[in-house]
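Novice: Make the full structure from the sequences, and use the hints.
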Amino acid sequence: MFYREAGDFKTSYEADSQTFPIKFDRYRFWAMLAVAYLVIPFIINDYWANAILVPFLIYTIAAIGLNILTGYCGQVSLGTGGFMAVGAYAMYKLMTSFPDVSVVIHVILAGGITAVVGAAFGLPSLRIKGFYLAVATLAAQFFLVWLFNKVAWFYNYSASGQINAPERFVGGIAVTGPNTDAWAKYMICLVFVTVCAIIARNLTRGTMGRKWMAIRDMDIAAEIIGVNPLQAKLTAFAVSSFFIGISGALFFSVYLGAVEVGEAFGIQKSFLVLFMVIIGGLGSIFGSFAGAGFLVLLPVALKVIGVDLLGWPTDIVAHLQLVIIGALIMFFLIKEPHGLAQFWRIAKEKLRLWPFPY
Amino acid sequence: MKLKTLAAMALAGTLAAGPALAELVIPDLSYRTGPYAAGGTPVSDGYQDYFNMLNARDGGVGGEMFRILECETGYNTEKGVECYESTKGEGALIYQPLSTGITYQLIPKVTADGIPLHTMGYGRTSAANGEVFNWVFNYPANYWDAASVMVNYLLDENGGSLDGKNIALVYHNSAYGKEPIRTLENLSAQYGFELTQLAVDHPGQEQKSQWLQIRRERPDYVLMWGWGVMNQVAVQEAANIGFPMENFIGNWWAGAEHDVIPAGDAANGYKSLNMNRIDASLPVFDDIRTLVHDAGNAAGDGSNIGTVLYTRGMYAAMLAAEAVATAQGIHGVAAITPAMMRDGMEALDITAARMEELGMANIGPEFAVSCQDHGGSGLGIVQQWDASAGAWVALTDYIAPDDAVTLPLIMEDSAAFAAENNIEAGCM
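Chains as they are written, first to last, in this note's numbering: chain A, 1 to 358; chain B, 1 to 428.
Think of the hints as simulated: they come from the structure by calculation, not from any bench.
From a predicted model like this one, the values you see are computed outputs, not experimental measurements.
Here a beta-carbon is modelled for each residue, glycine too, at the ideal position from N, C-alpha and C.
Just so you know, nobody snuck in bad clues.
So the derived label-pair ranges between C-beta atoms look like this:
hint	chain 1	residue 1	chain 2	residue 2	range
1	A	L309	B	R218	56 to 66 Å
2	A	I43	B	K208	47 to 57 Å
3	A	I105	B	N422	16 to 26 Å
4	A	I43	B	E420	29 to 39 Å
5	B	A416	A	K335	53 to 63 Å
6	B	A416	A	V170	24 to 34 Å
Specialist: See below:
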């Protein structure tokens, strides 16, 4: 009933190939955006911003990035944490070297630097596939973390090796540093998420995305029909790393404010983002949102239920969280490899016929 | 009718909220899971048990009860931020995250929010300069003190000269482990010993190559900045290569029972620093046993009482409780605010008589905090593990650090921080 196509006439090719062809979907999308932009900034507080919404938005960008590489182009990567670190350290160097330039430009430049690094580490993907590529990206992960720990230039020779985000403003409003208001943090992340998601969505349904998907589905066949694997794989690595770099830059500057590379961008982070993509749904932009939201909210929800409501010991709840996430990953891999996004698709199919299924 | 119900509900709401606000809220950012749980658990047990004991014995401090909010961080900065944000709104008086990474995270936040942060023997060393770090305290000692105390001890061992000696530093490759390097480099230039730096990556289970290098180079001494699982692995590896244990010295986070017991007799002779004297027969432990553990309110399983890190957690709680009492004395109110707590911490004076009165005679050094000096006296003792007795034996009295070495470094680093963050140095 909700997702009716009857009566929703398209009179042009543009209208027919738009992102949300069903009217209800379109309205829902605009309503979501309206809530995100016009309602949440006015009711947000420090806890919601720092513990839930800002990490959710930042992980969403990272998940979109990894989804392009793994979900759309089929190249498994375990280097996400390392690429986020590139974004964070590029951001730090840019922020401290050019304090007068707007942080928005810094974030984009940090993404660009990460894209270059990502493309460089993507070169082996022309020769190796599957597990072997995963191991090659794993090497990138460890190499990058080692590099940022070892070379003192990256952290401006500070005694502890920590990088700290100085206070920076966008239009006179602090967006980094300790005096940032919750809504300002939220808004800058939201703007970046919106732009990134729109870019990613349009890339993936255009020529480039189709090339990636052709490579993912069968690279030899793709080559025969005229897809250049060098170009397709390297663009996938570059675009993916661009988004991951942006998320790393925001993760460091807006969300945490101080970062230690081994702790914040270790192998754990690579796995976390990979789990988001798997649980959310490979090859789906909505899945990136769903996966990030799920894995950010789950620990908080478990904590609220376990510790605050039921009064269980904190360590039991923390261990339980590991068990539940592990079980969920197994469940999704076996039962629904397309993740939450597929559930959503099925729900939409059902709603289309509801209340009169045949 | 409806209005009446609403009014009654509002009244009930204020009544319920009233007493909650008047409590002394102490968040405990603990970690009982992950690779650092071995260290985090006893500290948190000691920290909570002491406050619970004060609640049971004295009804809190100054007639106000303590309320503890435990939050599991797993030694992870993101979870630490979540814990901070979820507890700060409850009127938290003091944060003690027991993690240098989380400390760096919280320094700007607590400064903006006006909540004191106490990082006892960890965290950012230059926070000892209270004129720059108004809200951060690291008394009674910090990492640079520890490095200096270690070198002073070695000087004493070697008749006043370390010339030509080779000293290796095995450190956790993080902000925590990197902290002492600058001090040790200065000291190495001053005393003419050679410093070899060996980084161990998180979590620290993999140390074969570092110890292979030690085996090859045979340094005269090995110093260690380790934490969690890294400590036991290092002690075991040192035993495996036959490194003389009496020349292996850990800092005060690398010298607890669980660090040495797994290596068995091989760990005999391993040394470490401590800021506390370990004495399981202190009267305060009896109070905790009878009033907290026997009442079934133990924070953990109650097995850690009297151990090195339990003692340290309890000591941290004692310093916080004393600061509360001092703050209550200064401001003349029992239900203090975080800002008053800060004043109390800055006026804290721990004397031997007071420690004895609290049932923990000689547990720590005497020290006084001031606006300029948030770092305390910096004294530390050297203790040695006796494997057959299964106990740490204090080898020395409190050794003083060389302030002439650490103070210029503190001033330099805090000045850099002040310049970076546009802080006008001065007392509040």
